[in-house]
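*Asks:* Protein sequences appear in the order of chains A and B.
The first sequence maps to residues 1 to 407 in the numbering used here.
The second sequence maps to residues 1 to 247 in the numbering used here.
Treat the hints as calculated values from the structure; they're not laboratory data.
Every residue, glycine too, gets a C-beta built ideally from N, C-alpha and C.
Result set (BS3-like, lysine-lysine): computed pairs, CA atoms no more than 27 Å apart in a straight line:
#: 1; chain 1: A; residue 1: Lys394; chain 2: B; residue 2: Lys119
#: 2; chain 1: B; residue 1: Lys100; chain 2: A; residue 2: Lys356
#: 3; chain 1: A; residue 1: Lys394; chain 2: B; residue 2: Lys100
#: 4; chain 1: A; residue 1: Lys394; chain 2: B; residue 2: Lys104
#: 5; chain 1: B; residue 1: Lys14; chain 2: A; residue 2: Lys353
#: 6; chain 1: A; residue 1: Lys314; chain 2: A; residue 2: Lys198
#: 7; chain 1: A; residue 1: Lys27; chain 2: A; residue 2: Lys180
#: 8; chain 1: A; residue 1: Lys198; chain 2: A; residue 2: Lys99
#: 9; chain 1: A; residue 1: Lys394; chain 2: B; residue 2: Lys94
#: 10; chain 1: A; residue 1: Lys109; chain 2: A; residue 2: Lys18
#: 11; chain 1: A; residue 1: Lys311; chain 2: A; residue 2: Lys286
#: 12; chain 1: A; residue 1: Lys109; chain 2: A; residue 2: Lys98
#: 13; chain 1: A; residue 1: Lys356; chain 2: B; residue 2: Lys57
#: 14; chain 1: A; residue 1: Lys10; chain 2: A; residue 2: Lys99
#: 15; chain 1: A; residue 1: Lys109; chain 2: A; residue 2: Lys139
#: 16; chain 1: A; residue 1: Lys353; chain 2: B; residue 2: Lys94
#: 17; chain 1: B; residue 1: Lys14; chain 2: A; residue 2: Lys356
#: 18; chain 1: A; residue 1: Lys10; chain 2: A; residue 2: Lys104
#: 19; chain 1: A; residue 1: Lys356; chain 2: B; residue 2: Lys94
#: 20; chain 1: B; residue 1: Lys104; chain 2: A; residue 2: Lys356
#: 21; chain 1: A; residue 1: Lys104; chain 2: A; residue 2: Lys198
Listed next, the stretches of chain A that the computed footprint assigns to chain B, with coverage defined by at least 3 CB atoms under 8 Å from CB atoms of chain B:
#: 22; segment: 355-366
#: 23; segment: 369-383
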Amino acid sequence: MQTDQVNLKKRAESAAEKKAAFGEDFKLDRFEEGSRVSKPIEDLQTLDEESKKTLLQVGVVPSEEGRSGSLLVLDNAVSHSSLRDKNVELMSTQKALKKYEWLKEYSWKLVAVDTDKYTAKTYLENADGYFIRAPAGKKSSLPVQTCLLLGSNKVFQTVHNIVVVEEGASLDIITGCTAKKGVEEGLHLGISEMYVKKGATLNFTMIHNWAEQIGVRPRTVVHVEEGGTYVSNYICLKPVRSVQMYPTVKLEGEGAVTRLNTIAIAHSGSELDLGSRAIFDASGTKAELISRTITIGGRIIARGEMIGNAKGAKGHLECKGLVLTDKGSQLAIPILEANVDDIELTHEAAVGKIAKDQVEYLMARGLTEDEAVGMIVRGFLDVGIRGIPEELRKEIENTIAQTAFGM
Amino acid sequence: MLKIEDLTVEVNGKNLLHDVNLEVKKGYTNVLFGPNGAGKSALMRTIMGFSEYRVVKGRILFNGEDITGLSVDERARLGLGIMMQRPPDMSGIKLRDLVKVLSKGQRDPEALAENLDMKRFLDRDVNVGFSGGEIKRSELLQLAVQSPSLYLLDEPESGVDLVSIEQVGMTIKGLLEEGLDCPGESCKKGKSALIITHTGQILDYVKADRGFILCNGTIMCSGNPLKMLEEIKSRGYEECIKCRLIK
Ligand SMILES: Nc1ncnc2c1ncn2[C@@H]1O[C@H](COP(=O)(O)OP(=O)(O)OP(=O)(O)O)[C@@H](O)[C@H]1O
Ligand SMILES: [Mg+2]
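In isolation and in its complexed conformation, chain B is listed as follows (with noise of 0.2 Å):
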């Protein structure tokens, strides 16, 4: 579904991201781990096409097809969908005008609000003077009305309360599995994803299927998502660079 080669990516003429390869396949769950100011957000809004972002070697497969060169929203008709970590407050534009406006009239904001616990925000500007939880809870609405193939999910649960993150794990979980027709470990028909995460707490509710640590803008290996965890909880990030200086 994803795939990534040889990616190398300037912001500014400043290098972030460097012989970067990864794969999520279709009906994957996948997981990015790594330390603060790795790239981890940068990957992401690079494989969405944010123009800040220059790609100066390498190339973003999707489904197949080339779309290093494509723009944001040609990205974003094909199936790819992105939760932000700090989305630009959207100062003037509703919620509920821009959750109309991307279902093309088709959904009921409130009823589709009324899910994330957030009609009381649909007569907010977007993001504007939003919470750290409730900017996820906006994200998710608004991804739930894009309805994309592949989630780029940047950190999901930071910043959401321990009752909360119930409902944005049971509302990711719910979404990634839409179109999911037979039920089972081996069947692979639902959503893909690539989640961003610190704590894996949202792992509690989705399942993931391969983990990746992303340090100093390289990919430094990849394995079990749930031993990796382990792994960096017990022994932070040291071991999985040694594991790359091994190979």
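Same shape as in the complex, but just chain A (with noise of 0.2 Å):
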């Protein structure tokens, strides 16, 4: 055990300068670390209005109606948790990980400490984060909710997440990670690890509202057993510098499902480099990828990664970019791989501008070409966001509404 924590830590230094596979390199020295220590906050709703409308603004309720649960992280400290519902279990990762000594085989297992520079440094920060679990059986009625807020200006945010959903157990997260307002510079390193376990069920939900100058490197890895299934949905509507990102889904067990929707829109001076990747190392795994993306004058990637390795695979990738002004970029990069016979992998790629004669049926109608062409837009995005739980697709319907058009 011992030496197992050392040779990580040796790991984690070798890398410390390594560059990640894609993105903007950001330089870890020209931030300052996130405060660690932050004064407890009881109630959510005790701050600021400003505060509260950033959370609100991400899927975060301050009076926390409707969740069964609440945990903030403000810079690199915990400074809320809070719990309703018996039927889940939530608190920060260090307390974790000290009440359950089984949670170490949990930690640092799906995601490798020596990824990049980014992973390194949160590794060696002994980043705190989000600890959620769902016990055998149990299924929470309402969903959990995390924020990561990062609450100074031009600092870094490391944040170390496990979810564990046992066997038979059913868990809906929100995470809302955004800056408070006048936060206009930072940096966000956010591992996520997650387990889903043997006929399960995990919907989780992010939704990212950053600022100009914030660069964004989440690094997710997903397990799932036998008859599990993950469901992602990710939602990024305002400017951000940049957010690199390539969750990866293993199926490793028989019949695992899992779905990963994104849906974003880059403003001018944004670029997102978005992917998602699904590993079929079980039979009969099932795996669909759905981005929709939207360009106002930021450049957009969107990486869609599928590999084979088990008979009775099946799989659908589409990615579809909207560019709408000449100043906008989209590449899609869609990749298939099959390793063994009887699998069926397909990618459904398109970019381009609005159709014309979609925005002149609407006008048809009486719509105005503006409106016309919001009505699309929102039809577009929604796409990537069916089949959701109900409640969270209202959410997010609203988020896109409020957000979508203050472009």
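Both chains are sitting in their own frames, so use the hints and assemble them into the complex.
*Replies:* What follows is the structure in structure tokens.
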């Protein structure tokens, strides 16, 4: 055990300067470490109005109404954690690691510490974050909400999250990642390791709402066992400097299923390098990777990769991108790999402008051009989040309605 | 109400219509016949103002106003409404939401859809995977909300089964008679329409006033629509072409 730790540390140290495979390279020493201590916030409703608004915009409800628990990470400190539903466990990762000896077996097992300098930094910082566990057979009727908040200018935030959904359990999580008003520059590094056990279901919704000069480097790996389901919805509609992520779902048990939805808007000055990867390691596994992206001046790189290593695997990858101005660009990079026979992997990619005949069809019904374009764009994004639980969907639609057309 | 004068139209530099003259008076229902590829849909889409159709000569008047240069939505707001032969797939837009937007939230999509037996389709994306007959009913539902003063109906009965045709026909009749406050032959206060038809089945439900035949991109002749239909049924379009040549 001890040697394990030493080994990890060595590997992390050796990767301290290792550039990530994709995306702009951020110099870590240009940022200060975010504070590891923060005054505990007993009640999210005592936050100032501005902060509450910030939280609401990423699906985090300060009153905690309709949520089974809430956890807030401010810079590098877990500053709020509360739980209403006994069917789920929620606490800071550091606390959980102290409480549960067995959790070691889940920490830094899916994400390699030496993936790049960002994972290395997060490991070496011994970062805190959220730990959420749904005990076997339990179903929490309401989602757990977590918020990763950058509270100070020019700092880096490191977060390490672990989610365990035990056999037959079901869990919904909403994570809002955002910056306080006035925080213009910063770096967010977030490691997430998620385990979906036999017959379990995890619905994970992540909403990003950063600022013009913030760099974002999430590193997520999900392990899904026999008959398990992992659904992810990623939403990023506001300006940001650079997001680069490539969440990977490993379908390890027979009949495991995943669906990853991405909807994003790249504003001028933003680079969104958004990937999704599914690895089919067991027979009869299924994946659907859907991305719907729009550029209104920024650059979008939509990657998707499916690697079929087991018979009977079935996957579909769909990247659709709209270019609404001359200044923006869209690059779709689908990759399909079949390593055994009896595999069905397909992809569909399309980038371009809004179809004129669609716009004029709505205009012929009396909508103005702007109204028609708005309706088509909302519909376009909406397809990216279909098939998710109704309540979540309403919230995301609200977010789209609120944010998409402040553009 | 609608007057088309010497209209010549191009698509991608290719001439589709030339020297078209046609009129629909207020309260009249006129019919446009013509063989496949004659340019009937092109003419209707030009009247509506779709941008791929470029008017190179002539003009379109609506209630005396020259609308040749107006955009599609401006024409819609003036009172033109179209049922398209082949509308585009509107992926992501549910019929329910479109109906809501078109009625500015004033009318209940459920109730409107009920009449057209379209309730099952409210939660589908508009036109996506709709069958031929479903497209017609979806178009009618939208038109019913829009309530234009001039209906441009491109083959409203084609693809509609023999049972549904009654429903589609009666709905169109109802829409055209909206605002008709005095019954009787001579009273022309209802809506106006220009209808494209091959089979003339729709004429069992709505009374047509005047017929036109479009051939090779221009109007060849006009006259009594039912007589024209008889003529076309028995002799095809040959006579009409001749009739133009004789003039
Ligand atoms: N956008 C376009 N680009 C090129 N050709 C076109 C375009 N639109 C129409 N056409 C051509 O113009 C001609 C007239 O088309 P249109 O659709 O108006 O025919 P129609 O009279 O409505 O025929 P139908 O009875 O088959 O519906 C056809 O030959 C068609 O292929
Ligand atoms: Mg036609």
